[in-house]
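There are 2 protein chains.
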Amino acid sequence: MKFTIQRDYFIAQLNDTLKAISPRTTLPVLTGIKLDVFDNRLVLTGSDSEVSIEITIPSELNHEEILTVEDKGSIVLPGRFFVDIIKKLPADTVTIETNDQFQAKITSGQSEFNVSGIDSDQYPLLPQVSEEEAITLPVKVLKNIIKQTNFAVSTSETRPVLTGVNWLIRDNVLNCTATDSHRLALRKLKLEDTNINEINVIIPGKALSELNKIIGDNENTIDIFFASNQVLFKVGHINFISRLLEGNYPDTSRLFPESSETALSINNGDFFHAIDRASLLAREGGNNVIKLSATDNAVELSSTSPEIGTVKEDVKTTKFDGTGIKISFNSKYMMDALRAIDVDDVRVEFFGTMRPFILKPDEDDNLIQLILPIRTY
Amino acid sequence: MKFTIQRDYFIAQLNDTLKAISPRTTLPVLTGIKLDVFDNRLVLTGSDSEVSIEITIPSELNHEEILTVEDKGSIVLPGRFFVDIIKKLPADTVTIETNDQFQAKITSGQSEFNVSGIDSDQYPLLPQVSEEEAITLPVKVLKNIIKQTNFAVSTSETRPVLTGVNWLIRDNVLNCTATDSHRLALRKLKLEDTNINEINVIIPGKALSELNKIIGDNENTIDIFFASNQVLFKVGHINFISRLLEGNYPDTSRLFPESSETALSINNGDFFHAIDRASLLAREGGNNVIKLSATDNAVELSSTSPEIGTVKEDVKTTKFDGTGIKISFNSKYMMDALRAIDVDDVRVEFFGTMRPFILKPDEDDNLIQLILPIRTY
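Each protein sequence line maps, in turn, to chains A and B. The opening position of the first sequence corresponds to residue 1 in this note's numbering, with each subsequent residue numbered one higher. The opening position of the second sequence corresponds to residue 1001 in this note's numbering, with each subsequent residue numbered one higher.
There's no promise every hint is true.
[Stated by the list, open to error] One side of the interface only, derived from the structure: several residues of chain A facing chain B at Cβ under 8 Å:
no.	residue
1	Ser116
2	Leu280
3	Val311
[To be verified] Quick list of in silico lysine to aspartate or glutamate cross-link-like pairs, EDC-like style, CA-CA up to 16 Å:
no.	chain 1	residue 1	chain 2	residue 2
4	A	Lys319	A	Asp362
5	B	Lys1087	A	Asp276
6	B	Lys1088	A	Asp314
7	B	Lys1143	B	Asp1223
8	B	Lys1143	B	Asp1039
9	A	Lys326	A	Asp314
10	A	Lys2	A	Glu112
11	B	Lys1326	B	Asp1296
12	B	Lys1105	A	Glu307
13	A	Lys312	B	Glu1112
14	A	Lys87	B	Asp1276
15	A	Lys316	A	Asp296
16	B	Lys1019	B	Glu1050
17	A	Lys2	A	Glu131
18	A	Lys88	B	Asp1276
19	A	Lys319	A	Glu363
20	A	Lys88	B	Asp1270
21	A	Lys234	A	Glu132
22	B	Lys1088	A	Glu284
23	B	Lys1072	B	Glu1112
24	B	Lys1088	A	Asp276
25	B	Lys1312	A	Glu112
26	A	Lys291	B	Glu1112
27	A	Lys88	B	Glu1284
28	A	Lys188	A	Asp364
29	A	Lys316	A	Glu300
30	B	Lys1147	B	Glu1284
31	A	Lys88	B	Asp1314
32	A	Lys105	B	Glu1307
33	B	Lys1312	B	Asp1342
34	A	Lys234	A	Glu131
35	A	Lys360	A	Asp344
36	B	Lys1088	A	Asp217
37	A	Lys87	A	Asp8
38	A	Lys147	A	Asp100
39	B	Lys1291	A	Glu112
Note that these hints are calculated values from the structure, not bench results. Built from N, CA and C at the ideal position, the CB exists for glycine as well.
All chains should be modelled from the sequences, with the hints used to inform the complete structure.
In structure tokens:
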């Protein structure tokens, strides 16, 4: 195999491919990047066996030649080391040529590397995902869904299904749910023109955050294909394939209470920053617990740590219904939820001191953040 | 004590004070920042007992009031935690008031913190440095000296004196020497108008790099005062005091050979980047060794690592005198030296395959970088 490629463009694609590669893999060949050279394109593959990324580089892009193929062929080159070399080469283009001993000669300007590779036959085959059960989403919407739910997945492996986000499609509505059993994030989205009857899968949280980093802002839509144990995200020249988590996701629908005892609206930024400050002391005290006391038209936040000190913050509410309430919460969960809501006015609904409370955008029911309180009062 | 201060300006000064503070200190009071409030100024002190930083905040700066003092007094507040609070407060100003129990009330906007402090009498007294033996340097020159020598100090504590930079003033010349016994950096500077007879001190490398981070680019000159076991750097409103290292610095003058067997001039950037690339392989191979072969008007760099591969780089020389040479070196030492030289044309002089070689700016003898070769040829 032999080809010459524009170095800058190559680096960008290699960096994306690297995102699927983990230095801690049980299969050594997976520390490498697979290069498959065809007549008029180069396909890069990286995988950690959970997530695989496949990037196709065409010979021309926007009427500019970026890739010249002289000989077809395949090889696996040592991932990070290979990318480091390409990044530091002196010239605008780089030529890569392999021989029968799986040696790659990399030349650019007055620089010449000879790097030992691995036969691409040793690289595992990527799962094939049938393209039958599919939905198409605007990229911005998908990025939003990830941002609004993914932070709430569990980081503990005690209940593996909770490390993923449950994507449930039913009655033309996509419900994305994440919970670590202390807090829960739910995002609903009405789907247009889908022929899907029902989909109920759990996508690993790690895969979704890698996907989020890779999708460029200049792509418009993303196609998502569901198979029995894989999901394929297809965006531009990138195929992103993730294994699905096995097991049954818990039914969380019964967690949402009916009518609130206390409901208030509050400025997101003011509320967030007041909690952020109070959390400095709560964190230093070692427990992250903040007390909230809502009365009439203001919220008082406070935290006390006997050896360190006390903090008190006042934030005005813009609406207030129901009775006053005192409740305690973990500052991190509250800040995560407010960050995910990302609109100026937040609605907070309480159902009693010992029951979960919810946060959502004021006058929008498609995003709900639910948080379990901490018993202190 | 009670005062109100512009928050942004306060944060900048606190950040500088923090640089002297280490979370791992044997004396708990040193994890704090000492605040001394006088009639018309506030003095901040941070120290890890090796390095101390004293910053004076005046009540006015450029005809703008930044500090209003209501009551004089002193307190020690928990360093990083206190700074984190000040950074996150909501308003442009912050008021700090202490009571007899060493509690500080910190208020800004609708935010109120009460933080436990420590009696400032428990804070150690800073060493007094007499202002007799002094030199004044342009800030840019001092920063250059630090950059050109400090990287070469030893990071190992087996010979503690080598973790510092030897500052030797003799015959109106300042000689700054740093070595880790594998390479050596020497910077000479002619001093004007000094009444110093002889100074021979060892300044800890860590202190010099902290100093370098703190000195702003908008100061013109820095005053340096030498005492028997301390050095004081005085720049703008900052006093930076460092302990000196005890012991005798080795005499390194006999290390520099007389006449070279091979001497060449080469473009710094081309040489640096070629070594940088070759070092990718040298590093991956685990030994950092690069072979250099200088012949007539070109330098060939190469490195081989049996399992990984080979690399070959060619760099043209601009001048070449003497015989060809083959020599091996540690890529890191070479790159550090080239970075410190920081001019386009570098002179490299060799004295034989087994003897140290030197690098310096072409046609400037005030900076010399000396490197010991590695035996491979």
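Structure-based check of all given hints:
no.	hint	verdict
1	Ser116	holds (5 Å)
2	Leu280	holds (5 Å)
3	Val311	holds (5 Å)
4	A:Lys319 with A:Asp362	holds (10 Å)
5	B:Lys1087 with A:Asp276	holds (11 Å)
6	B:Lys1088 with A:Asp314	holds (15 Å)
7	B:Lys1143 with B:Asp1223	holds (13 Å)
8	B:Lys1143 with B:Asp1039	violated (35 Å)
9	A:Lys326 with A:Asp314	holds (14 Å)
10	A:Lys2 with A:Glu112	holds (15 Å)
11	B:Lys1326 with B:Asp1296	holds (12 Å)
12	B:Lys1105 with A:Glu307	holds (15 Å)
13	A:Lys312 with B:Glu1112	holds (5 Å)
14	A:Lys87 with B:Asp1276	holds (11 Å)
15	A:Lys316 with A:Asp296	holds (10 Å)
16	B:Lys1019 with B:Glu1050	holds (12 Å)
17	A:Lys2 with A:Glu131	violated (33 Å)
18	A:Lys88 with B:Asp1276	holds (8 Å)
19	A:Lys319 with A:Glu363	holds (12 Å)
20	A:Lys88 with B:Asp1270	holds (12 Å)
21	A:Lys234 with A:Glu132	holds (13 Å)
22	B:Lys1088 with A:Glu284	holds (15 Å)
23	B:Lys1072 with B:Glu1112	violated (21 Å)
24	B:Lys1088 with A:Asp276	holds (8 Å)
25	B:Lys1312 with A:Glu112	holds (5 Å)
26	A:Lys291 with B:Glu1112	holds (15 Å)
27	A:Lys88 with B:Glu1284	holds (15 Å)
28	A:Lys188 with A:Asp364	holds (11 Å)
29	A:Lys316 with A:Glu300	holds (9 Å)
30	B:Lys1147 with B:Glu1284	violated (28 Å)
31	A:Lys88 with B:Asp1314	holds (15 Å)
32	A:Lys105 with B:Glu1307	holds (15 Å)
33	B:Lys1312 with B:Asp1342	violated (25 Å)
34	A:Lys234 with A:Glu131	holds (10 Å)
35	A:Lys360 with A:Asp344	holds (11 Å)
36	B:Lys1088 with A:Asp217	violated (31 Å)
37	A:Lys87 with A:Asp8	holds (8 Å)
38	A:Lys147 with A:Asp100	violated (47 Å)
39	B:Lys1291 with A:Glu112	holds (15 Å)
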